[in-house]
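Number of protein chains: 2
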Amino acid sequence: MAGGVGSRFWPMSTPEKPKQFIDVLGIGKSLIQLTVERFETVIPIENVWIVTSEKYKNIVREQLPCIPESQILLEPCMRNTAPCIEYVARKIYAKYPEANLVFSPADHIVLDVNTFRNVIKNSLEFTENREAILTLGMMPTRPETGYGYIKSLQGNETTSQQVETQRLTSESIHKVEAFKEKPNLETAKSYLAEGGYYWNAGIFIWNAKMVVNTITALVPELTSVFDKIEPYFYSDKEQEIINQYFPTCPNISIDYAVMEKSKEVYVYPADFGWSDLGTWGSLYTHLEQDENNNASVGQNINLIDCKNCVIHTPSERKVVIQGLDNFIVAESDNTLLICKKEEEQHIKDWQK
Amino acid sequence: MAGGVGSRFWPMSTPEKPKQFIDVLGIGKSLIQLTVERFETVIPIENVWIVTSEKYKNIVREQLPCIPESQILLEPCMRNTAPCIEYVARKIYAKYPEANLVFSPADHIVLDVNTFRNVIKNSLEFTENREAILTLGMMPTRPETGYGYIKSLQGNETTSQQVETQRLTSESIHKVEAFKEKPNLETAKSYLAEGGYYWNAGIFIWNAKMVVNTITALVPELTSVFDKIEPYFYSDKEQEIINQYFPTCPNISIDYAVMEKSKEVYVYPADFGWSDLGTWGSLYTHLEQDENNNASVGQNINLIDCKNCVIHTPSERKVVIQGLDNFIVAESDNTLLICKKEEEQHIKDWQK
Chain Y
1 MAGGVGSRFW
11 PMSTPEKPKQ
21 FIDVLGIGKS
31 LIQLTVERFE
41 TVIPIENVWI
51 VTSEKYKNIV
61 REQLPCIPES
71 QILLEPCMRN
81 TAPCIEYVAR
91 KIYAKYPEAN
101 LVFSPADHIV
111 LDVNTFRNVI
121 KNSLEFTENR
131 EAILTLGMMP
141 TRPETGYGYI
151 KSLQGNETTS
161 QQVETQRLTS
171 ESIHKVEAFK
181 EKPNLETAKS
191 YLAEGGYYWN
201 AGIFIWNAKM
211 VVNTITALVP
221 ELTSVFDKIE
231 PYFYSDKEQE
241 IINQYFPTCP
251 NISIDYAVME
261 KSKEVYVYPA
271 DFGWSDLGTW
281 GSLYTHLEQD
291 ENNNASVGQN
301 INLIDCKNCV
311 IHTPSERKVV
321 IQGLDNFIVA
331 ESDNTLLICK
341 KEEEQHIKDW
351 QK
Chain X
1 MAGGVGSRFW
11 PMSTPEKPKQ
21 FIDVLGIGKS
31 LIQLTVERFE
41 TVIPIENVWI
51 VTSEKYKNIV
61 REQLPCIPES
71 QILLEPCMRN
81 TAPCIEYVAR
91 KIYAKYPEAN
101 LVFSPADHIV
111 LDVNTFRNVI
121 KNSLEFTENR
131 EAILTLGMMP
141 TRPETGYGYI
151 KSLQGNETTS
161 QQVETQRLTS
171 ESIHKVEAFK
181 EKPNLETAKS
191 YLAEGGYYWN
201 AGIFIWNAKM
211 VVNTITALVP
221 ELTSVFDKIE
231 PYFYSDKEQE
241 IINQYFPTCP
251 NISIDYAVME
261 KSKEVYVYPA
271 DFGWSDLGTW
281 GSLYTHLEQD
291 ENNNASVGQN
301 INLIDCKNCV
311 IHTPSERKVV
321 IQGLDNFIVA
331 ESDNTLLICK
341 KEEEQHIKDW
351 QK
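Chains Y and X, in that order, give the protein sequences. Residues 1 to 352, numbered by this note's numbering, are exactly what the first sequence covers, in order. Residues 1 to 352, numbered by this note's numbering, are exactly what the second sequence covers, in order.
If we strip away everything but chain Y, and leave its shape as in the complex, we get (with noise of 0.2 angstroms):
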């Protein structure tokens, strides 16, 4: 899934260059080829699906010049998580109704890649024959409030040493309780009390029948504008029919039109070092930091008398920073921001 348009990142995320498609971490790769490589050797290449919006479909092409163009789906606007979902799977699902299925954002990191691919096993043979719908927790290791929570069924809580000395090995997998939206702080801290809540990753494993039967019974009014596009699929005329009705599909996210209200969901609780990157401070925890606790992404950066800062500016610039602590300072697209690390949340309003 890479239709978004990461705007918490701005000016390093745009509109026209969102997050999935940046070297955020400045190690060469984009967050989306990140993601593909991060499924190497659990899924083949040639199994893999690229859902994005079409004003994005050159850089797709640029950056996974591995993914055929026949399987990078093209939304015509933002309808949201569901609507993508139910297309790629009820495309596949024509063609290979057998089919078992991972939904992963682009735009995510994952530091543990061997314990995620045996996360991403195990649960594919959990789906594999099972009418179920996998969502993957995460360990929460701090109240964070910029994360939804995932609540297991009581009496099934999976305790982070159990994570460990399990291996992760499906037999942590349990019933899902509750989906609960990002918490205030003092919520967040009562989860982390309570046990038995894990961060959404947004991560899910079911199968193609398994969608396509629950969006079936859950959004109809999904399913109907897919049954009207399902007789052009693999045909030349598809994309003209998506771009006709497409725009007419409901705008809802899975999380709300299925996980809230199925009753086979499940939580794999899993440790695999992930975050969604959806702050300029959880980019900052996940790059190397120098004496001063400077996070610096670009070719020649210089910083003098400064900490606590995250710098993130284009490769080329030379950059001289003297005197700042606890700033972001970005540079992309022809735009420049600096501001304090504590005022990132009013990012979204400077970029009008």
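To be clear, the hints were calculated from the coordinates, so they are not data collected in a lab. All values reported here derive from a predicted model rather than from experimental measurement. Be a bit skeptical, because a hint or two may be false.
Identical chains share a label here; the pair holds if one copy fits it or two copies do between them.
Unchecked claim - Only pairs whose alpha carbons sit at most 27 angstroms apart, straight line, appear in this in silico DSSO-like list of lysine-lysine:
| no. | residue 1 | residue 2 |
| --- | --- | --- |
| 1 | Lys-189 | Lys-340 |
| 2 | Lys-352 | Lys-307 |
| 3 | Lys-55 | Lys-318 |
| 4 | Lys-318 | Lys-340 |
| 5 | Lys-151 | Lys-189 |
On the provided structure of chain Y, position chain X as indicated by the hints.
Relative to the frame of chain Y, chain X by itself:
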């Protein structure tokens, strides 16, 4: 005189395109364009000569298409102001022995152009038939430590009020007692308290014959270099010969070589809103400031919770800055500088 490299204004000013060629004030004209414009109505444009480095030839041609190529003299290397003045004075004197000359830096600003023009007219009248070197002394308004000072002969000082009431006629011209290097703050304060001290603006008015004779008498090792060059003035070989012999000139300022030694030096106290724009701080005071005392040069700059800052960014760049107090933010030539105003004396070091 347009050969400087403007290193204190990095990165706005760079060795490739120094300060005199930059629209420092954000008004659509570079400092050299403003300087040439300042002499309009006083000196016919066909009598204007530029001495610069050979590497700035194309910038000068581009920014000053009104100046014929034959009046752009190119130095193959930097040898300070004495060789520059000797070159252009000897060359003009060879063809126009009656010429009366004004030497002016290309990278200063003058706010009151009308008064400036009156001063220049009076100055040229004073030196036309006199064996005199006239310097312009700026009425000091603060104990500035960034300028050299000119001390007029005791009993000859002119007060600020006199400058005003005399309406800057040449009657306020006096002999110079001494040139003083940039003082420390205590010394600068004593200059202002004592009176009769003026800022040295680096503008000199003397006739061509006086320049040639004075340099012959006081800097013979410079004269001897140009004795070899003179036969090639106005010939096809001039540049080749200049390139050969100019590097052998002593590297010496006109202040040190002549002004401090000649007995015929006069000072004309004047007040026309002059600044050498030698520091970011002095540029800051000459830019329009918003209600939070921020001074910005750029087309699309959004300042939030900022005060006392000076921002100089490319006109095409969108800039959002939040939470800075008393900072310099400058971008040019693929380089970004952010630093505290009070640290600007270190900018030269950071360029390396």
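Hint by hint, here is what the structure shows:
With identical chains, the CA atoms of Lys-189 and Lys-340 are at most 27 angstroms apart within one copy only, with a shortest distance of 26 angstroms there and 40 angstroms across copies. Taking the shortest Cα distances, Lys-352 and Lys-307 sit within 27 angstroms of each other only across copies (22 angstroms), while inside one copy they are farther apart (29 angstroms). Taking the closest pair of Cα atoms, Lys-55 and Lys-318 come within 27 angstroms of each other only across two copies (23 angstroms); inside a single copy the shortest separation is 31 angstroms, beyond that limit. When the C-alpha separation of Lys-318 and Lys-340 is checked against a cutoff of 27 angstroms, the pair qualifies both within a copy, at 21 angstroms, and between copies, at 18 angstroms.
In this assembly of identical chains, Lys-151 and Lys-189 lie within 27 angstroms of each other by CA distance solely inside one copy; the values are 14 angstroms within and 73 angstroms between copies.
In terms of the numbered hints stated before, the structure departs from none.
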